[in-house]
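A.B. asks: The hints should help you fit chain B onto chain A, whose structure is shown.
Protein chains: 2
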Amino acid sequence: MERETIYFDNAASSRMDERVLESMKPYFFDVYAVATSEFGYSLGIEAREALDGARTKILSALGNPEGKLIFTSGNTESSNIAIKGVVKKLSGTKGKHIIVSGIEDFPVLNSARSLEREGFKVTYLNVDKYGLVDPDELNDSINEETILVSIQHANQEIGTIQDIKTIAGICNKNNVIFHSDATHSFGRVPIDLSTLDIDLLTVSAHTIHGPKGIGALYVKEGVPVAKWIDGGFQEFDLRAGVENIPGAIGFAKTIELITEEENKRIKNLRDYLIEKIQKEIPDTVLNGHPEKRIPNNANITFHFVEGESITLHLDMKGFAVSTGSACFSKSLEASHVILGIGGDHERAHGSVRFTFGRFNKKEDVDQIVDALADVVGKLRKISPLKGKKRGKNEISL
Amino acid sequence: MERETIYFDNAASSRMDERVLESMKPYFFDVYAVATSEFGYSLGIEAREALDGARTKILSALGNPEGKLIFTSGNTESSNIAIKGVVKKLSGTKGKHIIVSGIEDFPVLNSARSLEREGFKVTYLNVDKYGLVDPDELNDSINEETILVSIQHANQEIGTIQDIKTIAGICNKNNVIFHSDATHSFGRVPIDLSTLDIDLLTVSAHTIHGPKGIGALYVKEGVPVAKWIDGGFQEFDLRAGVENIPGAIGFAKTIELITEEENKRIKNLRDYLIEKIQKEIPDTVLNGHPEKRIPNNANITFHFVEGESITLHLDMKGFAVSTGSACFSKSLEASHVILGIGGDHERAHGSVRFTFGRFNKKEDVDQIVDALADVVGKLRKISPLKGKKRGKNEISL
Chain A
1 MERETIYFDN
11 AASSRMDERV
21 LESMKPYFFD
31 VYAVATSEFG
41 YSLGIEAREA
51 LDGARTKILS
61 ALGNPEGKLI
71 FTSGNTESSN
81 IAIKGVVKKL
91 SGTKGKHIIV
101 SGIEDFPVLN
111 SARSLEREGF
121 KVTYLNVDKY
131 GLVDPDELND
141 SINEETILVS
151 IQHANQEIGT
161 IQDIKTIAGI
171 CNKNNVIFHS
181 DATHSFGRVP
191 IDLSTLDIDL
201 LTVSAHTIHG
211 PKGIGALYVK
221 EGVPVAKWID
231 GGFQEFDLRA
241 GVENIPGAIG
251 FAKTIELITE
261 EENKRIKNLR
271 DYLIEKIQKE
281 IPDTVLNGHP
291 EKRIPNNANI
301 TFHFVEGESI
311 TLHLDMKGFA
321 VSTGSACFSK
331 SLEASHVILG
341 IGGDHERAHG
351 SVRFTFGRFN
361 KKEDVDQIVD
371 ALADVVGKLR
381 KISPLKGKKR
391 GKNEISL
Chain B
1 MERETIYFDN
11 AASSRMDERV
21 LESMKPYFFD
31 VYAVATSEFG
41 YSLGIEAREA
51 LDGARTKILS
61 ALGNPEGKLI
71 FTSGNTESSN
81 IAIKGVVKKL
91 SGTKGKHIIV
101 SGIEDFPVLN
111 SARSLEREGF
121 KVTYLNVDKY
131 GLVDPDELND
141 SINEETILVS
151 IQHANQEIGT
161 IQDIKTIAGI
171 CNKNNVIFHS
181 DATHSFGRVP
191 IDLSTLDIDL
201 LTVSAHTIHG
211 PKGIGALYVK
221 EGVPVAKWID
231 GGFQEFDLRA
241 GVENIPGAIG
251 FAKTIELITE
261 EENKRIKNLR
271 DYLIEKIQKE
281 IPDTVLNGHP
291 EKRIPNNANI
301 TFHFVEGESI
311 TLHLDMKGFA
321 VSTGSACFSK
331 SLEASHVILG
341 IGGDHERAHG
351 SVRFTFGRFN
361 KKEDVDQIVD
371 ALADVVGKLR
381 KISPLKGKKR
391 GKNEISL
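Going line by line, the protein sequences match chains A and B.
Under the working numbering, the residues of the first sequence are numbered 1 to 397, in order.
Under the working numbering, the residues of the second sequence are numbered 1 to 397, in order.
Note that these hints are calculated values from the structure, not bench results.
Hints should not be assumed to be uniformly reliable.
Any copy, or any two copies together, can satisfy a pair, since identical chains are not distinguished.
What the hints assert, rightly or not - In the DSS-like style, the derived pairs of lysine-lysine whose C-alpha atoms are separated by at most 25 Å in a straight line are:
1. Lys-121 / Lys-89
2. Lys-220 / Lys-165
3. Lys-227 / Lys-96
4. Lys-129 / Lys-173
5. Lys-88 / Lys-264
6. Lys-25 / Lys-361
7. Lys-220 / Lys-88
8. Lys-220 / Lys-173
9. Lys-68 / Lys-89
10. Lys-381 / Lys-362
11. Lys-89 / Lys-378
12. Lys-227 / Lys-121
13. Lys-89 / Lys-220
A quick note: this is a predicted structure, and the numbers were derived from the prediction, not measured.
Here chain A stands alone, though its shape is the one from the complex (with noise of 0.2 Å):
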């Protein structure tokens, strides 16, 4: 390979900014301390003051700054905090029934199933053709054991936003609590606590330029968690643990560079590519909502063809994409997403996933557009998929 490979995927497109390492260094080196209370050292102070610093400003940014945020290892242990947090502190009061979107992600899916397998009821809810919630199916789904509701801000695999406002508003208006899992979203689309209901939220700096490794969990003041990581009396007494202070800063850091220029800019060239694509391979169908989706997602299905075929022979020619949910790894079982939005086998198979960072550029997207053409063609031609050609809305073989 003559050239370095172009990455569409935000496992790799989303590597660190360097102004992130930067801003950690001294807390490798010099400010290396436990953050301690006042009865430490100087340095120890110093670090629970760099610490609190990089909260506030991670909760400026959702428009709380005076609101509770713990830091954690990353989106996947707050969604089980704020999941089974809730759960163990509330199953004894109230009832066993928690309810969550069909098309989560795997931190909050696979914390609702390990429930069910507990004992605990779970309802999950069914999408649109978009990945929308319908508020009318939740709020009809409420019952009176119900303790917990954790509906995504944004998918992980088509991007699509959800109506957390009006869903916010249901569950207060139920007194249930509400957990959403941001992860695909802050810092891409704006997330204003003040305004919003949001009882528990999830959030990663690893999508979005930041180290991994560092996560945090936005608790409503009064909200009811239990300690699920047990030790030390860190983090309010809601997550033990010696405080990744390096990991913080950079995350606070991550959130800084982010701007709404960049946020345009991302949105333009993903724009582009849908275009692109649509105009330049027949066949293609975006999955998610064409409006109603971060900025830096795309995710089409290229008929007739598998999406791993496709990752393998873009990854030959240089450009890296991801095919159903990254988290997936081990698995070649289909999106569940694609499936939850009424797909067919055929169609979460040939699914793609494109997602952009602060790095693309837009000969990128020429280039990309290029050889997709060039590889799916190939691959049509040997499908045995290929007889059966319709159009983009026909999604069933």
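C.D. replies: Just chain B now, kept in the frame of chain A:
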């Protein structure tokens, strides 16, 4: 302050080694990919191979390169997974009794307490005046309902090293799972899993000049552990979450950088500190075992004065030490470790922990002992306890 602070507290003196950061850098930037299966693109495979390489390096340092090691966010999470994961898997089958030593660090101790609140029976083993568990007492405490024993390798405050070979043998003979928290010994004391029958071992990077936010749990093949963090299928399907590859690489480098010579040098420095204090400051007592202790720890009670006062005054003079457990940052409660070895509250409150790292020098020891003699002398002059002078081994007021 004219010179930099000198650290004798591993929360700060274990600052990261520059070479560790260098080893991590490629994984922040060029290889910032999720570790994928063989169906992913090249960079994901490169990331996975790097991750597995780090795993093998750490396992090799533990004498079992073929073993199973899962990366976690740190020792706290590792111990939580070990204890709660085993209990969750086994509690329905055998019984609800676990055994821990009474001087465990908070991740183990508070996991046990948390299980106790949920109806488990917990035996907290006594230790002798050096902090050693009596293997016979352990043997007698195991009953038909016992599912797990968790006894640390070395103590977080007084550095005492348990005879885990004998302890592991007793557990094995009785068919009980054995977990050991080796956070404070890994790297500083040899641990050879090829001769030790340990089921689960907690290790961490942050006390040995490695990154924060990364730890690991060794899991012997066949040991039943339920997943504590649900989500994707990472880490042998035992710990979900996008892998912190830079952290894992840094952890492996951390271990690679430690040499036997370094541990000897640190031990000599530590011994020099103890001797010097005992020679120059009256009414002190070494807490922990005189020989069976990690090379980088000294814990000394200065009678008639408060550890907090010593810490604060040393801080003003530019020295950082800790008092009580470092994890116990939000409380003024007396150290459960010093109370556990038979000390009273006065001895616990007067205890100061000195931990040594790669960057400590002999001059630092000379300077801190001078400073200590001055600080302790002054504090004793105003101490309400000073009239009650007594010998090193008379430890009750």
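A.B. asks: Starting from the hint list further up, note which numbers the structure goes against and sort them upward.
C.D. replies: As far as the earlier hints go, 4, 5, 10 and 11 are violated by this structure, in ascending order.
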